[in-house]
Amino acid sequence: MISSTSETILSIEDLHASVEDQEILHGVNLVVKEGEIHAIMGRNGSGKSTLSKVIAGHPSYKVLSGSILFKGKDILELEPEERARIGIFLGFQYPVEIPGVSNLEFLRVATNSRRKELLKSELDTFEFEDLVKEKLKIVEMDPAFLERSVNEGFSGGEKKRNEILQMALLEPVISILDETDSGLDIDALRIVASGINRLSQPNSATILITHYQRLLNEITPDFVHIMADGKIIKTGNKELAIDLEKKGYEFIDKNAKEKEMAK
Amino acid sequence: MTQSNTVEEIVSQPYKYGFITEIETEKIPKGLNEDVIRLISAKKNEPDFLLKFRLRAYEQWLKMKEPDWSGLTYSKVDYQDLVYYAAPKQDIKKKSLDEVDPKLLETFEKLGIPLSEQKRLSNVAVDAVFDSVSIATTYKEKLAENGVIFCSISEAISEYPDLIEQYLGTVVPINDNFFAALNSAVFSDGSFVYIPKGVECPMELSSYFRINSGDTGQFERTLIIAEESSSVSYLEGCTAPMFDTNTLHAAVVELVALDNASIKYSTVQNWYAGNEEGVGGIYNFVTKRGECRGKKSKISWSQVETGSSITWKYPSCVLQGDNSIGEFYSIALTNNFQKADTGTKMIHIGKNTKSKIVSKGISAGQSKNSYRGLVSISPNAEGSRNYSQCDSMLIGDKASANTYPYIQSKQPQSNIEHEASTCRISEDQLFYLQSRGIDFEESVSMLVSGFCSDVFNELPMEFASEADKLLALKLEGSVG
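Protein chains in written order, with my numbering: chain A, 2 to 264; chain B, 513 to 992.
Be a bit skeptical, because a hint or two may be false.
[What the hints assert, rightly or not] The list that follows gives simulated cross-link-like pairs (lysine to aspartate or glutamate, DMTMM-like), each with its CA atoms no further than 25 Å apart:
| hint | chain 1 | residue 1 | chain 2 | residue 2 |
| --- | --- | --- | --- | --- |
| 1 | A | Lys63 | B | Asp940 |
| 2 | A | Lys63 | B | Glu789 |
| 3 | A | Lys117 | B | Asp951 |
Treat the hints as calculated values from the structure; they're not laboratory data.
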């Protein structure tokens, strides 16, 4: 699926970012092209989630320097909703519960805001119900979830499926899935992974943020990046993830140190 | 940009109903004394018993002191500087809508309340009150087929004096409180509803109150009587033009439910709230009370309070009949310098009486929003239960929210539950919605609607979407 003529979707250069006045990202570089699946692995606190929130535009995270280009366009000045509309999707590690707001209505408003950007007609309640029922099959979700409040009282697995459902509806150009596999049992993991696989398109890309190799058994990444201390310190193919699983992060640390010394 | 600043900007919306209708008005001179009361009564051709009622109330009022226990501070009203009766000039009492001044019809149309035959809201009968008088009541004939009486209280006084004499002032006595006494002395108009035995009112009944004159106090009076095994749902809406002075609105609403009867009373209050500096706006000092006189009767109040510079009201239920039920569902949204002190009183007297209170307060700007409520269970009310839930949402860091629940139980075989919570609009919830492409503004209004959904679910269908829109309107604006 990848060819040298593939268009670059996301290009991050020397990105430094902070939260609550503490610098977390210390110069991240990453290029993601059409059709690619990237996995970002690393320990807790290595900056993986921060990176995803910065790309999506969370107001608590401040970009200190560097750039994020989406299809060649600087997005740092865009509001989170504007980023979403042009096709940047963040699948949350911990999707929040929003009591009193109907999941169906939320999904409809979100879908329409993306459709507007794509110059597609907005869907009324009935048209939307048809669409959403189709997409529910991808994540094997019960339509009863549509009638509930957004994520309220959902189990961990149900929340993650609801995230993938949103991804299916919004048809993003790039999906950043933050630990979508965490807290899932084997069956839920399989459903979520197959959903992600079915949704990947030749002209879109995916970034999987994960701790574990097990998700990567279901979804084969083209690139695996290891993050430590706010930087991507190593990039390889799927073998790297397997190595990591076998030898643990210490192996990476050692490796990186040697590299540093060699310099 | 900080989130809380922008949220504050969003809740600061210009008031859309602030226009003034240019119409010739008949006003009596400012001031209050016995002669003024006699004059009002004479203008309305009232029977003698009513004039006496008014004079008795006035006498009581003179002996009473303006209350100050609530902690609300406001520039005191000069009662001699108010006009107590103002009415658009019309030759005689209009028999049909076609004869009503088109300017008035236009005014109500602009407010979203079309009165003309063709454009009427389907399945809602409307009584439109402009300053001190009722302009028109729609669907009267259709209601009459079922024996339902829905008209202005002035008309009821002349057409059904026996019912008025029997019920007026029996739920809220003339000396109940300072403002109720004043209202009893000078009330001008309002709505009257009578549902006969066994009748389920075939349509929603609605009153729309419009203050137009700046120096006129509005003292409306509403009386609803539901006979045995009858039921009715009544809606009330209100707006006023923008003036930089404060206008007093002191209404009294009385509800009576007999055996197995049920009354649902819903309010969307959007009086002018004053400007961003807190200048002007309506003082909304209202006494609303319902009596569940019959066994298994039910009274349910729901209110969406978004307007007024000061709101001070406690729609209450006296649960006299055994197994009767009282409910109170409230949303109060305050912004800028608005103050709201609202809640309910549930007085359990009969056996196995039940009450439920759900209150949602949203405060933005530098506003103060308080829930104040009383649950009282008398020694005879065994087996009674109350459940109260009071939630507050703060927007920005200058607004305040308070909850004052008073609980008095003199009956050990009763059950009272109270839950209260305070929250801020959560940044994570906002970001979640925004990260799905939803505007900041719309996200805020979705969260507020979600916060209020328990109460929205209790509003009549026609009203729920209107109320939701009203909240969204209050919350909409430029994101800076």
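Inset, instruction - Would you check the hint for Lys63 (chain A) and Asp940 (chain B), treating anything up to 25 Å between C-alpha atoms as holding? - result: holds (16 Å)
Legend entry - Satisfaction of hint between Glu789 (chain B) and Lys63 (chain A), Cα-Cα up to 25 Å: violated (34 Å)
Legend entry - Restraint check for Lys117 (chain A) with Asp951 (chain B), where alpha carbons must lie at most 25 Å apart: holds (13 Å)
The structure does not agree with numbered hint 2 stated previously, though it agrees with all others.
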